[in-house]
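For the protein sequence lines, the chains are A and B, in the order given.
Position one of the first sequence corresponds to residue 1 (this note's numbering), numbered consecutively onward.
Position one of the second sequence corresponds to residue 1 (this note's numbering), numbered consecutively onward.
If you're looking for bench data, these hints aren't it; they were derived computationally from the structure.
Hints may be right or wrong, so weigh each one.
Stated by the list, open to error - When the alpha-carbon atoms are kept at most 27 angstroms apart in a straight line, the in silico DSSO-like pairs for lysine-lysine are as follows:
id, chain 1, residue 1, chain 2, residue 2
1, A, 208, B, 28
2, B, 28, B, 72
3, B, 192, A, 270
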Amino acid sequence: MILVFGAVLLWVFGWWLNSRLASGPWADTRMVRFLAPLVFGLTVVGIWEMLVRGLDVPLVILPAPSVIALRFADSMPILWADFVQTIIKGAFSGYVIGCGAAFLMAIAVDRWDFLRLGLLPVGNFVAALPIVGTAPILVMWYGFDWHSKAAVVVVMVFFPMLVNTVAGLREATTMQRDLMETYAATYWQSFVKLRLPAAMPFIFNGLKISTTLALIGAIVAEFFGSPIVGMGFRISTSVGQLSLDMVWAEIVVAALAGTAFYGLVAMIEKAVTFWHPSQRG
Amino acid sequence: MKQIVAVLTVVAAIVAIWYAACVPMNIKGVLSELERGGAEVQPPTASARRDIGEVRLVLSNSFAIPATWEQKKPRLPSPHQVAIELWETTIGKNITSKRSLVYHGWVTLSATMLGFVIGTGLGILLAVGIVHSRVMDLSVMPWAIVSQTIPIIALAPMIIVVLYSVGVQGIIPKAIISAYLSFFPVVVGMVKGLRSPDAMQLDLLRTYNANTSQGFWKLRLPASMPYLFASLKIGIAASLVGAIVGELPTGAVAGLGARLLAGSYYGQTVQIWSALFAAAILAACLVGLLGLIERAVLKRMGMAQ
């Protein structure tokens with residue numbers, strides 16, 4: 001009971017601290033922008049821990065953060081093997097193939113107007129569909145190993161990437177294109193020097209959307225069949241064994257991998273599109 | 001007009017490629033069946049055929065090509081097989097039948113809609129809080145943005161099992177997964193929308209001596225509508241994915257996800273494809289419906305382009 005009371009107190013304290021931070025003299029500094037979410041996150045984790053211990057919530061419903069952290073530290077080798085299988089082999093290879101294919105396709109679509117008129121509505125339509133549903137089919141075709149997961153990821157990232165890249169390649173204005181024309185630039189010169197750089201913000205938007213989709217595709221595809229390693233496999237079997245601390249440890253891995261993957265793409269974006277207004281701050 | 005021709009051409013090309021792909025995909029299975037039926041196939045034994053490429057098999061057994069489009073359990077069903085299966089399981093069956101896709105679609109759709117309503121409702125509330133409270137903005141908003149980069153769908157199996165162990169089952173667990181998948185896109189989009197009025201417009205309201213709630217109802221909320229609809233479309237697609245994935249881990253007996261899973265267990269490829277197309281049609285209808293509402297609302301508000 002004391003712990004429950006402590007949780008309430010911690011909540012009040014965390015909120016008070018953040019209100020002070022938000023209305024204090026340093027409210028607009030970088031440090032507060034970094035500290036406030038951190039305080040909030042730590043408060044939530046603290047309350048979680050106290051409530052689980054105070055109310056004696058059984059492990060099969062919600063493990064305490066400390067239990068999850070212990071499990072995470074204990075199962076490093078397993079988690080690493082799952083990470084390599086699902087993220088590196090499945091999601092990443094599929095991401096590279098899918099985004100590369102979509103990029104090449106987008107160049108073709110941009111080149112021929114007929115393709116753009118025909119393929120773009122279809123692409124927009126497909127991008128809104130529940131493509132994870134293709135997972136059972138692709139698992140059947142390419143077997144249980146990571147190849148089928150990469151195939152699911154390819155299908156998932158292809159259309160969002162295609163639609164974004166095509167939109168980006170049309171971004172250069174008529175005036176700019178005319179200027180290239182007056183320089184007697186060939187198609188490829190104007191493509192490399194004008195249209196591709198102008199398309200970069202859109203391309204990176206597509207790449208960033210695709211990072212999350214890639215992880216979702218790789219994990220969900222493993223629910224339909226996988227070798228005895230992989231994050232989706234571990235999650236579904238650990239749920240079956242009611243060892244929820246393992247499930248949560250995998251979710252922590254998924255969260256870290258997702259954020260890192262997204263952050264990596266965002267960092268490359270920052271370096272490539274330094275000229276864009278949204279990056280100059 | 002030109003656009004319609006182009007779209008139809010592309011769709012026709014996709015169907016043509018699909019039919020063409022059926023031939024090499026299914027040729028081995030077809031040849032085995034024909035061999036068992038006593039027909040002459042080249043080469044005559046399955047073990048000899050195993051190491052030969054599909055294309056060469058097709059070339060040396062060109063009489064078998066029509067059979068690749070009519071197989072019972074093909075690796076890749078042909079478009080008309082899927083279309084016939086779709087037709088038979090929607091129109092041809094009583095909608096209360098366990099084999100009717102309308103029944104399975106309804107099971108998934110009801111979970112999707114319940115989750116979508118809960119998720120967007122809470123999402124809009126949180127967005128209003130974030131816009132009006134600086135504390136919430138500073139502490140919650142970064143987490144909402146980070147959550148977009150995490151495959152939170154990985155939580156789905158756990159939610160189903162945990163809720164089952166405390167006695168909640170049926171539509172609620174699936175709806176919860178749908179709700180949290182649609183929640184974050186709505187929060188992020190709605191915050192952007194509620195912040196979209198520029199300083200000039202906010203200042204104008206201040207000169208009218210409008211209070212916060214007037215500013216909200218008369219300026220921020222109307223201005224956020226285009227953003228809201230954009231994120232609702234993303235949210236409903238995510239909700240549907242959530243409901244389908246929510247049916248996978250427990251071996252649910254009803255719903256489009258259950259059809260997918262059962263089809264993949266028993267190798268009923270035609271059933272998988274028809275469930276997949278049913279899900280696609282459902283998603284298209286939901287997004288299309290939201291698009292219609294969006295157009296009507298924006299037109300009524302004088303914001304339509």
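Verify the proposed pairing of residue 192(B) with residue 270(A), using a straight-line Cα cut of 27 angstroms. Within the cut-off at roughly 21 angstroms; holds.
Practice problem: Verify the proposed pairing of residue 28(B) with residue 72(B), using a straight-line Cα cut of 27 angstroms. | Solution: Measuring from Cα to Cα gives roughly 13 angstroms; hence the hint holds.
*Within 27 angstroms, alpha carbon to alpha carbon, are residue 208(A) and residue 28(B)?*
violated (41 angstroms)
The earlier numbered hint that this structure contradicts is number 1, and it is the only one.
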